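Enquirer: What follows is the residue order along each chain.
There are 2 protein chains.
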Amino acid sequence: MDIWMEENHTDGYRVNWKISELLWREQTPFQELMIVDMFDFGKALILDGAVQTTEQDEFIYHEMISHVALNAHPDPAQVLIIGGGDGGTLREVLKHPGVVRADMVEIDQRVVETCKRFLPGIASGFGDPRAQLYFEDGARFVKKTQGQYDVVIVDSSDPTGPAVELYGPEFYRDCFGILKDDGIMVAHAESPTFFTAYFKAVWRNMEVFPRRNVYLTTVPTYVSGFWAFAIGSKKHDPSKARDDKHAVDGLKCYTRDVHGASFVLPPFIQKIIDQV
Amino acid sequence: MDIWMEENHTDGYRVNWKISELLWREQTPFQELMIVDMFDFGKALILDGAVQTTEQDEFIYHEMISHVALNAHPDPAQVLIIGGGDGGTLREVLKHPGVVRADMVEIDQRVVETCKRFLPGIASGFGDPRAQLYFEDGARFVKKTQGQYDVVIVDSSDPTGPAVELYGPEFYRDCFGILKDDGIMVAHAESPTFFTAYFKAVWRNMEVFPRRNVYLTTVPTYVSGFWAFAIGSKKHDPSKARDDKHAVDGLKCYTRDVHGASFVLPPFIQKIIDQV
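Residue numbers (my numbering), protein chains in the order written: chain A, -19 to 256; chain B, -19 to 256.
Just chain A, same shape as in the assembly:
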């Protein structure tokens, strides 16, 4: 008998995934956590009914949320990741030889532990001596930390459940405050077409930065169409990848050319931004 899992994207649009095996299911203190083996997408992490990442294409999202900021900054030594419990963003950040320290703040320790067990290819960076994990609320962390960062990456779950505070302006102001004078912040900004209100909210929050841009990719696991990231910068042009010998080779989605192309917005996306 086939087992299908249903993901509701909007009131009128759902995706169904055929499941080979339900590997793990628990209610953590923060959310419902599931690991499933999908018929078409490999193993997947699901939080509160939303597919977060799949082995099949996690590299697209994780490369694009990490390497754009890390290549736009001339010397990204101190990096902070908010969320990112599956470890994929940490894995990508640690590929940069210039990264001295990567702090990661994940509210739900069970996500990290479960991903280390079932998704070791994604959760491969946690043992790195440059990585420091904090299991606490990301919004609270950025308010109290004494750290000063070159890059802050917000790799949160959707704006429901435990991540809701990470979509508010106060969190963005606090991130601005813990960035050095030429720091860069990046946050995923959802789908501009399916979740326009969230996309606009993230863009609006970025107004604390003197420079802000949207860049785009598309991820088969996520809702169809463009998937957006918002990037704010105190000094450097985020759309320009530096040209140096420390570039990370062998990536599957990110290149310097992809970096530049991802900032070219179709007019209908630009129009949404202009209306904010």
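Hints are not guaranteed to be accurate.
Which copy is meant is left open, because identical chains are indistinguishable; a pair holds if it fits in one copy or across any two.
Taking lysine-lysine and the DSS-like style, the derived pairs with C-alpha atoms no more than 27 Å apart in a straight line are [claimed, not checked]:
hint: 1; residue 1: Lys251; residue 2: Lys96
hint: 2; residue 1: Lys220; residue 2: Lys232
hint: 3; residue 1: Lys160; residue 2: Lys251
hint: 4; residue 1: Lys124; residue 2: Lys215
hint: 5; residue 1: Lys160; residue 2: Lys220
hint: 6; residue 1: Lys232; residue 2: Lys(-2)
hint: 7; residue 1: Lys(-2); residue 2: Lys215
hint: 8; residue 1: Lys(-2); residue 2: Lys75
hint: 9; residue 1: Lys124; residue 2: Lys220
Since the hints were made in silico from the structure, they are not lab data.
Source: prediction; values computed, not measured.
Let chain A serve as the given structure and place chain B on it in line with the hints.
Expert: Just chain B now, with coordinates in the frame of chain A:
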């Protein structure tokens, strides 16, 4: 009571669309044709259970299949469209003031008639004096026509049902034969990740051209991730949009910058091409 329509993309991945109203349903001599009003996507054309186009985002697909070739060619006066029964590609082609004649060959007259009735915003070009419709098999048309074209656009349905011949190498050789010495052919090439075999087949067929490229967009209505087009050219570089005063303004997805960016392929897509 809610009515939902299910679209099967692969054996393990389906999309469900909530329907406000079923407006039309018939079995034509070629396929099952439906027009529905969707809860989230406006009115939609569905052929043999596959959503072909929706009012919500049809402009992305139709602009990107049309304006890239029409802007890469220095003087696209004679244009041939194979398929495209909803009229969206014809509408875009006719926006170019240099187009003298647009021949369109659609096998299923019922598609055109039904779209004129229910999707008039898409099917808006059929009355243009430059447009000439032929209701016949596209593969047969390109074999016998005496026409010589600047641009051939293959806007077919999926490679099942009546469009299957349009995915074979003979059809591509015939299209090459009816193109002038600096002609350009473009065909949609499905999803590189969901329908890799079809994507590879379209790319392989394009080898008849001295130049061939893939360019990408993403369309919310279609299966998630990148949506690909293959373009073959006898002379001009398809990735370069000409810079002239005849450019079409006011498009919602296509710009000259989007043109260039759409040819920048992530390595994992390039790798699929390299394996053909």
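Enquirer: Now tell me, hint by hint, if it's right for this structure.
Expert: Now for the hints, and whether the structure bears them out:
In this homomeric assembly, Lys251 and Lys96 never come within 27 Å of each other (Cα to Cα): the closest approach is 41 Å inside a single copy and 29 Å across copies. When the C-alpha separation of Lys220 and Lys232 is checked against a cutoff of 27 Å, the pair qualifies both within a copy, at 19 Å, and between copies, at 25 Å. Taking CA atoms no more than 27 Å apart as the test, Lys160 paired with Lys251 passes in neither setting, with 31 Å inside one copy and 39 Å between copies. When the C-alpha separation of Lys124 and Lys215 is checked against a cutoff of 27 Å, the pair qualifies only within one copy, where the shortest distance is 24 Å, while the shortest distance between copies is 61 Å.
Proximity of Lys160 and Lys220 under a CA criterion of 27 Å is satisfied intra-copy only: 19 Å inside one chain copy versus 40 Å between copies. Taking identical chains as interchangeable, the C-alpha atoms of Lys232 and Lys(-2) lie at most 27 Å apart only when both belong to the same chain, with a minimum of 26 Å there against 35 Å between chains. Taking identical chains as interchangeable, the C-alpha atoms of Lys(-2) and Lys215 are never at most 27 Å apart, the minima being 46 Å within one chain and 46 Å between chains. Taking the closest pair of Cα atoms, Lys(-2) and Lys75 never come within 27 Å of each other, the shortest separation being 33 Å inside a single copy and 43 Å across copies.
For a Cα distance limit of 27 Å, the shortest separation of Lys124 from Lys220 qualifies neither inside one copy, at 32 Å, nor across copies, at 51 Å.
In summary, the numbered hints that this structure violates are 1, 3, 7, 8, 9.
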